[in-house]
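Protein chains: 2
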Amino acid sequence: MSQFYSGKSLKSLNISQLNTLCENLRQKIMSTVLKNGGHLSSNLGAIELTVALHYVFDLPQDKVVFDVGHQCYAHKLLSGREDAFDTLRKKGGISGFPKREESEFDCYNTGHAGTSVSAALGIAKARDVAGKDFNVIAVIGDGSFNNGLIYEAFNSLRLLNTNILVVLNDNGMSISPTVGSMHEYLELLSESSEHIAKRNKHANIFDRFGFKYDGVYDGNNLEQLIAKLTEIKERLKHESVILHIITKKGKGYEFCEENPEATHGISISSSDSVSTEYSKVLGDTLCRLAESDGRIVAVTAAMTSSLGLGDFFEKYPQRSVDVGICEEHATILCSSMATEGLKPYYAVYSTFLQRSFDEILIDICSQNLSVTMCIDRAGVSGADGETHQGVFDLSFLSMIPNLTIAVPKDVNEFKEMLKFSVGFNGPLAIRYPKDGKRIFKVSTSLEYGKWEKLTESGLDAVIIACGERAITESLIASQILKESNVAVEVINARFVKPLDREMLEGIEHKHIITVEDNVLSGGLGSLVNTFYADKNKAIKNFAYPDEFISHGAVSELMRDYGITGESIAEYIVNALR
Amino acid sequence: MSQFYSGKSLKSLNISQLNTLCENLRQKIMSTVLKNGGHLSSNLGAIELTVALHYVFDLPQDKVVFDVGHQCYAHKLLSGREDAFDTLRKKGGISGFPKREESEFDCYNTGHAGTSVSAALGIAKARDVAGKDFNVIAVIGDGSFNNGLIYEAFNSLRLLNTNILVVLNDNGMSISPTVGSMHEYLELLSESSEHIAKRNKHANIFDRFGFKYDGVYDGNNLEQLIAKLTEIKERLKHESVILHIITKKGKGYEFCEENPEATHGISISSSDSVSTEYSKVLGDTLCRLAESDGRIVAVTAAMTSSLGLGDFFEKYPQRSVDVGICEEHATILCSSMATEGLKPYYAVYSTFLQRSFDEILIDICSQNLSVTMCIDRAGVSGADGETHQGVFDLSFLSMIPNLTIAVPKDVNEFKEMLKFSVGFNGPLAIRYPKDGKRIFKVSTSLEYGKWEKLTESGLDAVIIACGERAITESLIASQILKESNVAVEVINARFVKPLDREMLEGIEHKHIITVEDNVLSGGLGSLVNTFYADKNKAIKNFAYPDEFISHGAVSELMRDYGITGESIAEYIVNALR
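Residue numbers (the working numbering), protein chains in the order written: chain P, -17 to 559; chain G, -17 to 559.
Among the clues, some could well be false.
Since the list can't tell identical chains apart, any single copy or any two copies may satisfy a pair.
To be verified - Simulated crosslink set (BS3-like; lysine-lysine; CA at most 27 Å straight-line):
id, residue 1, residue 2
1, 17, 210
2, 297, 114
3, 297, 522
4, 416, 432
5, 73, 397
6, 416, 219
7, 492, 522
8, 419, 401
Since the hints were made in silico from the structure, they are not lab data.
Required output: the full structure, derived from the provided sequences and hints.
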């Protein structure tokens, strides 16, 4: 029998039973995350809220949109996914984020910050147009609250003339501690409840947009939450409400409560050994380069530590900016600082860089400014799934004029690229995965736009690959083939843009293979295909296909999509037949 | 001798002389725009402000960032570009937007809305890091003020610990009248100056972010502006200020004052005849389709009329949403409305769609939702230049899984595609230029993913083209070649994604040519190259190269980049030799 009540059975519980349910959820989430990895502290903090929402509202008729969605584990357990919960974030198992495909209780897929209020408004507007009757709730943390999308959504509430509930789940964190004036404002609102008069006076920043502000409440007090949500449910018939609650990130586990940033996401180490994380190399190298170059500044959007820049921020506070979850603003800060002769390094995850596409194109590249983008978690990123795969960056970057794209084969080459970047004029993107697992023996000095041969000349075929993962698989292929006396040349395409035209022109092999950790369309393979378009060459591309890639371990995903030494070797053997 | 004083000579004028200067600027701008086309009303409204900024501040040491930049004409005339002003927006002439390449008075290039405050903050931060001393000013209209970037920038003011001046140039318009709660708030602030107490109470929405709010003043009163800016210049040493002024869009010309939307931008008709604008077809067709389909809703971001949706908005107010200049929010509204079974049409200019790249990918496409994007001004858009060319959309869209991309050959086919879209499940993008100039004789019925042969089979070469412009040039090429007895087949690639694989597989021509009104990287040609990568075919691509395309007439730009029937014919003749 199920440990976690849902629907009617949940609604029949008394407060004491509901509190027990919360404890059971807490245990289950804790034990599963420690086993499978995933988001921990934020889920522990949101348990009471989730139980209260399920208790007061009528899900799935009523719709809850979870911002980012990383706090939805209790929601999954309360909506019929208990049995599958052990498969959390495992290939073929349930996702760590809301998924419409998984359950009708997940009404909107999220993954990137700040979309929930817009989505809730759209769902509510659609309800109104269709003359239906249900409630729509956005659950959003204070970190996401920094994102400009929230302002755009708030600004259109009156215009859309509809009613929603926004639950502002305020834990003072956005992976890194939340920054910015809105956060200070929220803190002001959260001051001792004695200052109600003062609070109400300030609350008008939300009222201004048409919301009725209601706060601040203890978001880990189930009884109070249920009473408040029950009252608000009635009010939603005629008004939109912001419910401001304070929750404790990591609630219930002392270590998490005290280390919310470190326990925000738990990684489970894979079987492969990690020699160095690229983020560490970024931090160490940038610290050293900044010693002798006062132009260097570092910019991040709420992920300073996970990008390796903790030390830099400590050592150079005047030359460090974390703007919170504001990728577009961060990008323009970099481009404008560059107009004044500074040398900005914008560190960001590949998937979140997507938010800045227009600013990269217009602000950085059309002005041809010397901004270096350090793009972490490129390639498949693993267990977070569709919304977090870094497999699009080569494509959306390679089409942008003026931009140079470098892809290091290992952490040592990454270090060289960072050194190279200091003297380089113009926009530069360097993309790399999280883990540095190998150091390659060959290491020739870095030259702009020039590729590197990693093996002796092999007459049978040539493999052009970029990035540690693709090069690793390509060298495995060449090893396998060597045993069958097939001689394959492996080239490190360390600049994806510009291509090394001279080297490409010199290739006389009949069989050309490209390998990359990116989608085919617009990536390295695609660029090579276009280079050879009018030259009557046959090329085989190994890359991710034109589909969204679900969650799974990196090595599993690479195997599934055939980006392995074995597949490459097999292709070449067949081609040579 | 120059009519327009600048630098020291401007500073030596008295108020009466400065007012005369304003009138001269007004005359010059009016006469030039009526000749060359360009932004009219917004420039007329901002003349006094521009003169006051040049008078009070020390440009170019002090930096002024113009949001969007369409109101910079007086600034150009006052910074040594008077002689070149007749070439405004002409190929090789001066740009209609700020351009660093043009003058040191242009400190930051703009074109897309909402970037000015971020850029001003970045410049100010760089000044502080370098220990320099100058003033930084952002000039922004109330329309841009809706954009989320403003909030992200405001939110980080205290964090950056720097001082800037934001001049909020409030004319109640953002091409279309400004919408949303922020606009209502600004209106409240602008109420009769008797309510100063009330105003000051409300002003705290800006104070909250660390700005000192100062307003409301008549932005067309030069004397008052100069006094106020002189005072603020001192205050900028220790604080950041928002100066809220009200200006009259179109100031000085009755017709413009009364028709600010119609005179926002003036187009100069080209020599070619325009049969129908695509926007008109969108509006008419969508109105008709919506009569029998209650699911259809239309969403725009501040450009309802120019996208052809004026009538739709009037006829179906409940099913119409203009969110102001909030492209990302608009995109999520569409995706979330689609989750509830509505059929949203998001109409947008190609260049502004870039802002929603992440939301198209994550919100619409990874959820595989039935949103139709109607992408206007695709291809080179002409006189607005680099920041407005719609030459990237095929590239940044074709890499996105689940998305179908349709490109009509003429307005009739566009109509068919819109009809097709109603019954289509999944994300759909339809891209088209502003002007429909030709109706092609051949017109076969539309089938998902199927291309169309526009000419009889021609054995010598095959041209695969998409969109009215590229197909026009391809047919011109085939006509030219026919006269030399060269038989060329022209294919209408009306779906760029998915490609018509069957038709591509059937092509046995030795010479394959692709033609498109998009950059090569990631566009139709690139997709065809990759389709044939392992098939030993030689393909020649006609497309825009990997560079930013400056302003000029559409036909001039197409000629410059060799996307003409003559060039295509010439290539084929040479290839056949």
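| task | First find the shortest C-alpha distance between residue 492 and residue 522 inside one copy, then the shortest across copies, and answer within, between, both or neither for a cut-off of 27 Å. | result | both (11 Å within a copy, 21 Å between copies)
| query | At most 27 Å between C-alpha atoms: does residue 73 with residue 397 qualify within a copy, between copies, both, or neither? | reply | Neither: 33 Å inside a chain and 44 Å across chains, both beyond 27 Å.
| When no copy is specified for residue 416 and residue 432, does a C-alpha distance of 27 Å or less occur within a copy, between copies, both, or neither? | within (25 Å within a copy, 42 Å between copies)
| query | Using 27 Å as the alpha-carbon threshold, which applies to residue 419 and residue 401: within, between, both, or neither? | reply | within (21 Å within a copy, 53 Å between copies)
| field | residue 17 and residue 210: within-copy, between-copy, both or neither at 27 Å Cα | value | Result: close neither inside a copy nor across copies, 35 Å intra and 64 Å inter.
| request: Measure nothing new, just compare the shortest in-copy and cross-copy C-alpha distances for residue 297 and residue 114 to 27 Å and report within, between, both or neither. | output: between (57 Å within a copy, 22 Å between copies)
| request: Please work out whether the CA atoms of residue 416 and residue 219 approach to 27 Å or closer within one copy, between two copies, in both situations, or in neither? | output: neither (47 Å within a copy, 44 Å between copies)
| said: Cα distance capped at 27 Å. Does residue 297 pair with residue 522 within a copy, between copies, both, or neither? | reply: Neither, since 47 Å and 53 Å both go past 27 Å.
Hints 1, 3, 5 and 6 from the list above are not met by this structure, while the remaining hints are.
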